[in-house]
Amino acid sequence: MLIRAECVSCHMEAHPACLEMNDEMAACVQTYPWQCIECKRCTVCSMGDQEESMIFCDRCDRGFHTHCIGLAKAPQGSWICQQYCGSQGDFTATPRRTAGRKKAAATS
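Numbering (the UniProt record's numbering), first residue to last: 1 to 108.
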């Protein structure tokens, strides 16, 4: 069975690999109301503004404004949210994904 990620807001569908999602993330986004990069809102404040301060969890793909979670700036490299994924053990680092996902979503 071919898994697709579907945005709960705009209903855009894409293959997880086209969105640079590993198998773990692809399975995770099936478990909650996932939003594509164009529709994504901060998990804490529910706002989609201030894109320059939005970071994405490399395990669950939820978005967070840095200031909403008490960070002065975006961390370098991979980042795992403490709200949903911090207690799930070790994580294999992947390259940081931000603007590249907008491009992938636009071409899907």
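Read the hints as simulated data drawn from the structure, not as lab findings.
Hints are not guaranteed to be accurate.
What the hints assert, rightly or not - Here are the simulated DMTMM-like pairs of lysine to aspartate or glutamate, each with C-alpha atoms no more than 25 Å apart in a straight line: (1) Lys73 - Glu38; (2) Lys73 - Glu6; (3) Lys73 - Glu51; (4) Lys73 - Glu52.
Against the structure, the hints:
Distance check on the hinted pair: Lys73 and Glu38 sit about 22 Å apart at the alpha-carbon level, within 25 Å; holds. A distance of roughly 30 Å separates the Cα atoms of Lys73 and Glu6; the hinted pair therefore is violated under the 25 Å criterion. Annotation: proposed proximity of Lys73 to Glu51 holds, straight-line Cα distance about 13 Å (limit 25 Å). A hinted pair counts as satisfied when its Cα atoms are at most 25 Å apart, and Lys73 with Glu52 qualifies at roughly 10 Å.
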